[in-house]
Each structure stands twice: as C-alpha cells, then as structure tokens.
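Student: For the record, the sequence lines run as chains C and U. Offset between the first sequence (1-based) and the working numbering: plus 1120. Offset between the second sequence (1-based) and the working numbering: plus 3.
Hints listed in this document are in silico derivations from the structure and should not be mistaken for laboratory results. Glycine included, each C-beta is placed from N, C-alpha and C at the ideal position. Please note that the accuracy of each hint is not assured.
[To be verified] Sample of chain C residues facing chain U (criterion: CB under 8 Å; computed from the structure):
1. V1129
2. G1142
3. A1171
4. L1178
5. R1188
So you can see what is in the structure, the chains are spelled out below.
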Amino acid sequence: VSASTGPGVLEIIGELTVQTAGERKAAVMSLLEASDGLDIVLDGVTELDTAGLQLLLLAQREAAQLGRPLRLLGANPVVTDILAIAQLSAVLGVHASGPAPIAPEEATR
Amino acid sequence: MSFEDEMRDALATFLVEGRELLEDMERALLGLEIEEDPTETVNAVFRAAHTMKGSSGLFGLDHMVRFTHVVESVLDRLRTGEIGVTSDLIGALLPCRDHLGVLMDSIADGRLEETPEQAERATGLLATLNPYLQGNPEPAVTAAGSGPARTGSDRASDARPASGDRAGPPGRRNLHLSLRFGPECLRDGMDPLSFIRYLSTLGEVVDVTTVTELIPDAAQMDPECCYLAFEVTLSSEAPIAAIEGVFEFVREDGAIRILDPDSSSMDDYVDLIESFGELSGRIEEILLRTGAIQVDALESARDARQGRAAAGAGASATTAVGAVGRQAGPPQLESPTAAAAGEPRAAAETKVREARSIRIDAPRLDRLIDVVGELVIAGASAGLMAAHNRDEALTVALGELMRLVEEVRDSALQLRMVPIGSTFSRFQRVVRDVSADLGKDVVLVISGGDTEVDKALVEQIGDPLMHLVRNSMDHGIESAPLRAERGKSARGTLRLNAFHDSGSIVIEVSDDGGGIDSERVLAKAIERGLVEPGASLSEQEVNGLVFEPGFSTADAVSDLSGRGVGMDVVKRNVTALRGTIDVESRFGEGCTMRIRLPLTLAIIDGFLVAVGGAAFVVPLDRVIECVELPADSHLRGCMDLRGEVLPFIRLRSLFAITGERPRRENVVVVEYAGMKIGLVVDTLMGEFQTVIKPLGVLFGHVNGIGGSTILGNGDVALIIDVPMLVRHHGDRNAANQLVTTTKE
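Sequences and hints are given; from them, build the entire structure.
Tutor: Below is the structure:
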C-alpha cells in the first residue's frame, strides 16, 4: 500500500482492483478506525475495477456508520470513467484534491 | 491495458482454448463407439460444445454460436438418452467439429464474420444433424446462415413461445438487464463493469443502477468477493440471444436476467423483484423509475398471481418460475454466501483444469534451460577448482550442490517433454477417415503413448508421421479380397509404437500389409538409374531406396499418393530433426517404418577427450568403452577388438589437427544404430556434463560436429556428432563396395 501522508489521509497509488483489494481494505479500515476522519486520495490510481469500487462504497458506508467524515479526493480519469459507467458519480462524490478543510455536513452525508 | 487490448488478449485465449476443446471433442467422439459406458464421454463432448458456444457468444461470434447451438442440442439429446450413439451420428458430428475448426482458423485470421461458403457449408452440415433433433426441427436449423436466428438455449424459447413466431429482427426497445454476478466472478477475472462497458457496443446504456446494499459489514466483507448488483436499462435492436450470449460465461454462477418488453410477461418482472428478497422494494423502485414496468400492470400481475395461488392453481406459476430459474440462475439469493456454497460444477471443473496445467511462453522456458545450462557449467568449473585445491569439505559441499543442480536441470528439461500419445491419438481420426475413403477396414493400435519427447520434436514429427500412416494404409494394407486370398483377416492392422532407446526416441509405424516387393523396387531403381545394373545390394539397402526422390512403385495412383509428398520428403524432414529413418519389410507379411530421433539436445552427458591441443566431447550415451590403440594398427583403418573387426576414424586426420602424435593413443568405441566404430584420440579426460551451444550458420555445413560447449576453464570444446560420423563412415564403405562390385 502507498505511503500514508499523515493521520487521516490515505493516498492510493497503483491498482485499486481485485488484485490489491485485500491489503487496501485493511489499510482503509484501520485508518478509518484510528482517525477522526479520512481523506482517500485517488490521484495515483492507475486501474479501478468492481472490487475497488465496492471497497470505496464500503468505506463510505462504514464512515457514515461511525459518524466520521470521509472524502474521496483527486478526480482522475481512471476513476471518473468507472464512476460514469456505474453511474455512481452522484453517490461517490470525488473532489479535486487540495488542502480544503473537511466540511462536516458533506462528509457525514 | 485498454478495453480493446483486453478483448484482443481474451480472443487469443479463446482461440487457444477453443482448439483444445475441439481436440477434446474429437478424441471423445472417436472414443464413443468403443466405450462400454459412454456417459462420461458424452458429457465431455457436451461440455466442450457448451463452452465453445458460451465463449463465442462472449465475443459476439454469432455464426459460431448459431452453429454450435444446434450441435449442442443434438449432444444434449444424446446426453439425456433420447438418441443413442451410432456410427452415423458420429459420422455426422465429426465434420461439424471440423467446421468449427475452420471457423476458428478464419477468426484467427481476423475474419469475425462467416464467409458465404462457410455459411453454405454450415447449412449443409446442420441438415445432416436434422434427423437427430426433435421431431419438429428448431428454427435455428433452417435459418442458420440466413440471418439472426434464436441462439438462446432451447429451454428459454420454450418459456417464451411467442418469440419463436416473430418474423425478422426485433426493433429498438428498452431492455431491462438485472445483472447479479457470482461472488467469485472477480477472482475469476470477470469484472462486471467490463461487461457493462461492453454492452454499449450492442446498444445504448440508458441507465445503470448499482445496488450496493448487499455489501456486508466491514468485518465480514471479503474484498475479493463481488457483492454489487447492477440493474441496467439497455436500448438496443440486438436480439435477446445476442445479449444473453454476452453473459454466457457468468450466467451459471450468477443471476442474469434479461427482460424484453416485447416477450417477457409481467410475471417475469414480479419474479425478478421477489428474487431480491428484502431488497425487493429497491428493485421495484428501479423498474418503475426506468419505465420498465408500470404501477398498474405490476399491481394487476400481483393480484393475478395471488389469485392463482389462492385458487390452488399455482402449478403453472411454479413452472414458469422454474423455467426462468433454470435459465437465469438461482432465483432466490438470500445472502452472498449462500450462492458461494452452491458453486456450480462447471466452474469447479474449469478450476481443476487450470490447476493441472499452466501455459508458458516457449522462449521463457528456453531461457530457463539456457540459464540452467550455464549453472551446470559454473558448477563443474567450481568442482574442478575444489579438486585442484584438494579442499575436501568444499568438494563434498559442491557434490551435493551439483546433485541438486542436476535435479533442477532434469526438471527443467522435463518441462519441455510431452508424451507422444496425444500426437498418436490424432491418427485415430486419420485412420478412420482414410479407411472410409479407401474402402478398407483398418484398425489403429497405439502403444508406447506415454513415451516422452521434446515438445518441439512432437510438433514437427506430425507431418512425416501423417505421410507414413497414409502411405501404409494406401500402399501397404491390401484390399479385403487380396487379404482373404493371402489368408489374412479382412481387417487390416496399423500400429503406432514409441519407445526410448539409448538417448533416442524410436517411433514405429507398422502395418500387416503386403510389405515391400524388393525385386520390383530394385528393378525400378535400375530403370531410374539410381543403381547400376548388377550391383549387389542387401535387402535392407534395396528397401532404403524407397526414400529416394521420385520413387514410387504404386501400380495405381490414388488421390492419397497423388499429393506430391513422397517418402523422400519424409526422410528429409526426419533428417532435418537430426534423426534417421529405416524400413524393415517382410514381403507379404507387413512392413515397419522406424524413425529414430534425438530426445532433446539442450544438455548432454559427455565424454571429454583431447587430440593435440583441441578438446572434443563425445555424447556419453554413444560411448560403449575405451581401449588403448594397439601399436600395430597405425597403417590400417581397423583394429582387432576381442576378435571383432572394429573400423576406426582418426580425429587427428579427420579434423586436420597438427602436432606430434603421442606414443600411446586411445580409442573411444561408439555405437549408433547397431554399428560400432572407434574414434582415435590422444587422451581421455573423463565424463563431463555439457550444454550444447549451436554452431553459427557459418559452420552449418561442417560434418561431424554437432555443436560446441564451454569448458570449466573457459576453453571451447567441439561436440562430436556420432550419428553423422557413423553414417559418413558407412557411406564411404558402401561407396567402396559399389565401386568394387562394378569393377568386377
């Protein structure tokens, strides 16, 4: 898994597919439990499949259940393409990356 | 990797696997007649056809789907026992298999549509299957090749009888696709999103709703399992069958439902909604939102269903559910784990097959063997140094190391070895077809099928063998009346046999036919000027003449011998593989063609010798013994070996090596194909494991050298090509003999 660039931020570099889903899930879940909120940075994702998509959906649902904000950052074409096919862009909002503060109402939606 | 690349790769895999399936199918079909209990074989043929149909549907190869579908229907009837195994049925199915092979070949050439000739051929072939189909032939039979026919399973068309009557292709309409893939689909490399993306080639994907509610809690969620379901609205003109075809591969594991507003009944929609159990509300909402169904129609269908149930007339509804369920997978799916538990057999079988073998690029294997070869050399070199330094502990350790290296070497070489049986069994079909053509009754007996040989050799020996087999059947085995006259059974026997013999593999093609008429062969040879009249040749030599170019003693030229491939081509092919061929014939009783080929020549155990300053390696499996050269034999070309005359060759003069001859010389006695000769060398240096490096093209014409190798100390040693030397020696003797005979 990629380097974590500080508490509450997970930067995913490389594939987010069935090949890597196991370790990615562990990373996402442990960070989500350990911090008050989580930013998942998707800029470096090179491939995304159903397993990856499913993992993002799980993370979003878990975060909501724990009452912690979760944001997906980095609108990269690989990610937006998959979201367009699954027509999930509205459900899994991906924001341009940047140091913008977490807006609680958005994150806990 | 882009989607197009993925599809291209997948198509290549499809072709490879498809050809294997066709081979399986042929083997199984040929086995059907002789097996006592053909149930398992019938199933194997059916599965092969079914998988072919499924995978060709995945690539939109409609003509293949159409064709295979009919074949599959016949096989299905065979499987259920509605029809029995007959020779005629197999005779009808085999050409269908061949046609599929032709289709695969043209797909490999990039033609994804069928040509008019192929369509015509398909129609003709399917007509021969007609008698084996149900009393009322399916539309697919008559419509094949003339436009899109229904290709869905016949059960599906039974469930929707109205659709069969519809003329022409359906118009553009909004289909509802409910795609719930099997939980294992991701692990199996099937990405649902790729399928959805692919759907856009069949029409317009109007709406996709991803159902995420089936994902379990984080703790139970297996990240490699697929929990997502997709409800897709597709606007398309494509027939249902084409769309079903896309999902052929995954339908067994998952629940794929395709609902067509033209032909699906309201009940089908209700079934779909109910199949989601707790989530039925969600699905209902999706269906209503996308306009797939209307509220009032849904209500009335529900009312009707309740009414039927209340009236105790639920039988028909149950049947309908059953039909859809069989077609589209398990209708009830309470939790993802429930589906995982009931993994269908087909998937399990695929896995078993995958576990049994893996595919490797040949160059990778060659690279491995090359490196192992270097390892052997490096190990030998280290061993030499340890011995030189008299370091015993190191010598012992290296001994163990070398033992392991040898084991690695053997396993690496083993990777290239395949049993020759699969090549042999291809000839069952050839013998069957050729005997039908010739009107002869011939049975093929195979033995030694598990003899292993280098894969590259197996691939190249097929053509020569094919010719020998055809030749034996055409010219060797007599017609039934003649056999009766000679007191033989009416049924001719052809044998294929293989065995290992001193570093070679021997392949025999024998028949119990007429054998070679040596007198006629000799007469013909004299007539052609191949042999001087009056020359005395042994029977062996006379029979060997049949391998000369342009030699044929056949009285009648049949369509088999008119192919322009003579026995000389067989001999040339075998020689190109560094092999030899000879013939053993008993006139009136039969004939055996014997091909002798090297097993593999990547690495050999060699015997290192030195002449002057040069080192040579003699393949150890050719070496019989080593003796000292008797002092009195300097002037002769032969010596006395325990009362036997042993001709010898001086490597010093053969390779024009200069330098003083030592006082004592040694003879390495080698044997090839029953002939012994001695090689005179200066010193014997002992056994040596060696990797053959081929000589460059420049040295391709050098006789007597089979390759080179690098010694532990970095020197180059040449590898002696014993067969070549022995043959060369024999030829020279024969030439001498001929000359002397003609002089007389």
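Student: Now, for every hint given, state plainly whether the structure supports it.
Tutor: Hint check:
Because the beta carbon of V1129/C sits about 20 Å from the nearest beta carbon in chain U, more than 8 Å, this interface hint is broken. The beta carbon of G1142/C is positioned within 8 Å of a beta carbon in chain U (closest approach about 5 Å), and the interface hint is therefore held. Interface hint status for A1171/C: upheld, as the beta-carbon distance to the closest one in chain U is roughly 5 Å, under 8 Å. With 8 Å as the threshold, the beta carbon of L1178/C comes within range of chain U, its nearest partner Cβ sitting at about 5 Å, so the hint holds.
With 8 Å as the threshold, the beta carbon of R1188/C stays out of range of chain U, its nearest partner Cβ sitting at about 13 Å, so the hint is violated.
Violated hints, in rising order: 1 and 5; the structure is consistent with all others.
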